[in-house]
Amino acid sequence: MEATFILGLAILLIGVLAVAFVRPKTYVARLINLEIPGWGLLLVMLAYDETLALLTFIAVTAISTFVIVRLMEWRDESC
Amino acid sequence: MIPALEIMFGFIALVGGVSAALILDYYGKLISLGILVAGVIPFIVDRGYLDVAITVSLIAPIATIFVLRVVRRADA
Amino acid sequence: MILTYSIGLFVAFAVTGIAFFALMRETDGLHRLLLTDLVEVVTLAFIALVGTDLAEALILPGLVVGTSELIALSEIYRVKEGFNRPPSDGLQIEVMETAPPILAALLVGYGIILSGFSGGAVAGLGVIFYFLSRDHHERFEVIETASGYSWVIWIFAFFTFMIFPERWFFAVMLAGSAILVKVMAKMSIIGTMRGGPNV
Amino acid sequence: MIALPLVAVVAVVAALRATFERNTARKLPYVNVLNFAIAASIVLLLDHPLSLVAAAAYFVGSTLEANAIASTYAGARNQ
Amino acid sequence: MLGELLYILAAAIITWLLFVSVDIFFRLPEKGGVSGASAVARDIQAAGGDIAGGNMMGNIVCSPDASAGTLLAACGVYVAGIPGGLIAAALVFIGNRICHDPGYAGTTGALLATFVVYGFTQVGFTATNFIAGTVIAILSIQGISHVHASRLLARLWRVRQ
Amino acid sequence: MKKKTFPYGFAVSAIAIIVAWAALAAALIPLWAAVTIFVIAFPLLVLFLTLWWRAPGGEEDIPFIGY
Amino acid sequence: MIEYLVFAAVFGLLLLGLHRKVIARIQTRPGPPIWQEILHALKFSFKSTWVPRTASATLYVGIVLIGIGIWSAAFFVVFAGESILILFAIYMLHKVVEHGFGLSSGSPYGKFGGVRSVISAASEIPLFVTIAAIYLLTGSLILRDITAYQGVHGPLLFIAPPFAIAMFLVILSKMPYGPFSIVESKELVSGYKTEHFGVWRAGLAVTEGLKTFVLLYAFVAIFIGAVPFWAALVIMTVVLISLSFVCAITPMLSPYDSVTIQGLITGLMLVYTGYLWWVIP
Amino acid sequence: MSDIGGVDLFVLEFGDILHYFTPYSLTLFIFALIFTVLVIVARPERQLDIVFGGDAYYAKKTPISERQFRRFMAIACGLASMGAMASGDIFNYTLFVSMVGITNVGIVAAVKSRHVLNAAYEYGIVAMVGTLPLFGGAALILGTTGTLSIPALATGGYAVPLVAKILLALGVTGEGMAPFYAAKAEMFRAPGAPYVIMCSLSSLLIFLRVVEIVITI
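Residue numbers (our numbering), protein chains in the order written: chain A, 1 to 79; chain B, 1 to 76; chain C, 1 to 199; chain D, 1 to 79; chain E, 1 to 161; chain F, 1 to 67; chain G, 1 to 281; chain H, 1 to 217.
These aren't lab readings, by the way, just hints derived from the structure by calculation.
A hint or two may mislead.
[Said to hold, decoys possible] Mimicking DSS-like on lysine-lysine, the simulated pairs with C-alpha atoms at most 30 Å apart in a straight line are: (1) F:Lys-4 - G:Lys-21; (2) G:Lys-21 - G:Lys-43; (3) C:Lys-80 - H:Lys-112; (4) C:Lys-80 - A:Lys-25; (5) H:Lys-112 - C:Lys-186; (6) G:Lys-43 - G:Lys-174; (7) C:Lys-186 - C:Lys-80; (8) G:Lys-47 - F:Lys-3; (9) F:Lys-3 - G:Lys-21; (10) G:Lys-47 - F:Lys-4; (11) H:Lys-61 - C:Lys-80.
Remember, predicted model here, so these are calculated numbers, not experimental data.
One chain only, chain A, in its complex shape:
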């Protein structure tokens, strides 16, 4: 039971709430809020010393953010 773990869980919870009940209800706000639980999860992984997983997770999160950003750009361009 340590601070990192608890903090991670708290941020995870906050982040998930933030994504689930997003204000204002736009794609961009949701996308930004989506980063919050990621950092919470990072702290949880950190608490268990899962560094390799942590690194990959952060990189892949950025990549999936980019994928969605790309999709939204296509959308803006075509609408």
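Position chains B, C, D, E, F, G and H relative to chain A; hints supplied.
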């Protein structure tokens, strides 16, 4: 890390997280996300994973820049 | 330890409930896609809570699966909604002229040190970031060729494992670097995802 | 060792001020102070040659982030 | 405890003087280096501050300047002595290039600060004093009151002119 | 497939079944092997048999499209 | 062994003929002769045959072979007393075969029949609850062990009648002219069978015969236990006649209702299994 | 091991990773193999589109590039289901299952029909959400028992929580249980029979296998 420090940095992270969730403005959200990262980094460093801290602090702005691309479009 | 795991599980289940509730109420396609991304994070939280070395080994494939599904779904969404005009250049700010090469070089360098899938993801992110700031005169053939060769190297390394187990270190290095190139190549193609004839 | 708690207190103050500032552009100086404090505490937490690099990487990264946000914000306002 | 606090305060004053003079020497208050810096300056002016001081504050936000150089140099001296400070200067240089900053304020500041900090460590100060001192110094500029800080910087800038 | 091949196919599958049956009766092969042969050969037997004795004629056409 | 297989196919077709006969008699029609289905199979096999121009030829032919093959395999599984899990796997995979029949021809009728067969998967779910419950009761899923268990404790039909009813319904949903045979309702011409004519239809008839025999035989083996072969045939006939009664007096349900009712049955079975699980320590 | 699927026929130990066949999983494996071969050799049909009540009809042809992509996806799907049938490790199994989910989407994603794409998208969302209970169940089993090997779990002595089993079954249902989605039925309207068959086959197979796993452990 002494508990007082843990509380302070944890508090920074929490403030960042909560404000990122509550602020309505996109730029404000991104700035709050930066605050969240600022709170998280000392925990990584404290465990001795300096390489992870370096990578994470380099990747975080990249993710923000990705998001800024759509923020700019949504804003304009 | 037991208490930690229980509390973690409790939060994980609560978070699952919230995420599913939100997903249930959402009807818009893109919002649902974003929420599935959230669900992926929660999934990883479940695995991470186990907290052993094995859990770390399990997170990586979980990540791979999640990303590939996300990419596939976003592509389907694009086609199904008929978004067929590639976006013009988005962000014109000063730092985009200077930052990408340096940061990409740093990330690729670190990725090479890290090697394996993690290194590939880190390096791939760097390459995406670099491509983002450049005109897209990408040489797809080169990327594809590199990826193909790395595949061959990976297979070769695998056979080295099988046939000469005493050369395991060599095989590990070979396999690690091959996967690195492979993943990096694949990820960087996302960076160039600009539609047109190549997609 | 009073330096580290002092820096942490500065960080908390900066974070709070940044959070409660309403104007977007004027949040950034507060965030800048926060970045200084965090970069300092990275080094103070762990006395290791690499922690200098970590501090620099963090500082440069967050400065870049602030720069990008400010520039995008300026660009959006000029339109 | 109290003595250390005094040392930190002294260090804060020293670093404040150091980086403000370097920044002003490198004409940071003249104009915003990137559009973001100008935006910050404009908003500070709108809140009642001065545009010159705002420019400098914006530049500090948007790129590692002399203050960052001072901080990192102090860190470098703390972890590895003079070579550490030089490495910090190199890192600041890279940081400047990343952040689209054509100037050399940060690098110069880091180099100067390395020697200043090292010099002061010989007379009873510790490097940690300087690290904390820099943070407090930057707090005084960026974190207390934007309006007053910008006016103060503008006044100094007019002296330079 | 040519019409001529059907009797051969029928013969092959029938022989396979008979051999497997006999071998099983003589306890030369285990039950599962015989069953495997049956399962593979029996559908072929049925189909080749019927294809062999079916009426000639007919050509490709489109499916049933409604009354 | 092979003689049993051929016998099973023929007897299964005979049972299907009996099925039609009984239905006809209940509806006060004279009905076809009992060996009508066998005659049908033979008749189809003599017809001239080809592959439709739109079909995916390999799949179109291959699926007939697969259909006969899996039910032969199922027959041997039941006959050798292997795991009934395999039997039920084959039962579910039969759905893929139906689907394949329907899709491979390119005909819209066949396609709709195939899609409906996929939708009607709700009929398989009672099956799994039944399996789980049988495992709970007997501690094994090997047919030999189940038979042995019944030798000691008496037929499962009397120990746990609801499962017998569930299995009965499962078989019912595969019987032609039944309330659940939505894949063959008349607006789809012949459902997934529409485009398989001539020799292919004869192969399909063999599949149907084997399937009917195997399912009824499995019902006897699982719920009655070890009986002489002739007695098994008699019981199978009795069960079939009871099925025919049900088919004759119930209307064909719409796809939606069919799925709903099967879902309800599943729910009831789940409740009963839960009860059993509670009672059995 | 309580042999609900028959006695073990074959066990391949590869370090921690384990593959084994019971008569049951072998049957399923062979079925997946047959259909994979069929997918490789079969050409897609030309689906007829008719106007009901009229004489007009036309046959849809599948373009070559689309066919190649879908055939590749169908083969990958077949391989993934074979892997899921043969795997003796719960996490490997879940990975194969989620791969089946991805390839199922891939099989129909190349079809340029709005109905089909809509269905595929909906299904894809469900499949992606399905990974949560799937991996969650596997992780829960690992967390509570410390092992993931099915034979080891089957020997007893481990208290596998019921929740984990339910989650596992739920996840597999989400990944591929074709009939539960009306959406997936729409997916089957896509032309190209051999490939579409693979969707329904793989989802049935993984479901059949998870039944065995859940009863065994």
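Hint by hint, here is what the structure shows:
1. F:Lys-4 - G:Lys-21: violated, 40 Å
2. G:Lys-21 - G:Lys-43: Holds, at about 19 Å.
3. C:Lys-80 - H:Lys-112: Between Lys-80 (chain C) and Lys-112 (chain H) the Cα gap is close to 8 Å, so the pair holds against 30 Å.
4. C:Lys-80 - A:Lys-25: holds, 23 Å
5. H:Lys-112 - C:Lys-186: holds, 24 Å
6. G:Lys-43 - G:Lys-174: holds, 24 Å
7. C:Lys-186 - C:Lys-80: Judged against 30 Å, a Cα distance of about 23 Å means the pair holds.
8. G:Lys-47 - F:Lys-3: Cα-Cα ~14 Å, so holds.
9. F:Lys-3 - G:Lys-21: It is violated: about 37 Å lies between the C-alpha atoms, which goes past 30 Å.
10. G:Lys-47 - F:Lys-4: holds, 17 Å
11. H:Lys-61 - C:Lys-80: Holds. Lys-61 (chain H) to Lys-80 (chain C) sits at ~20 Å (cutoff 30 Å).
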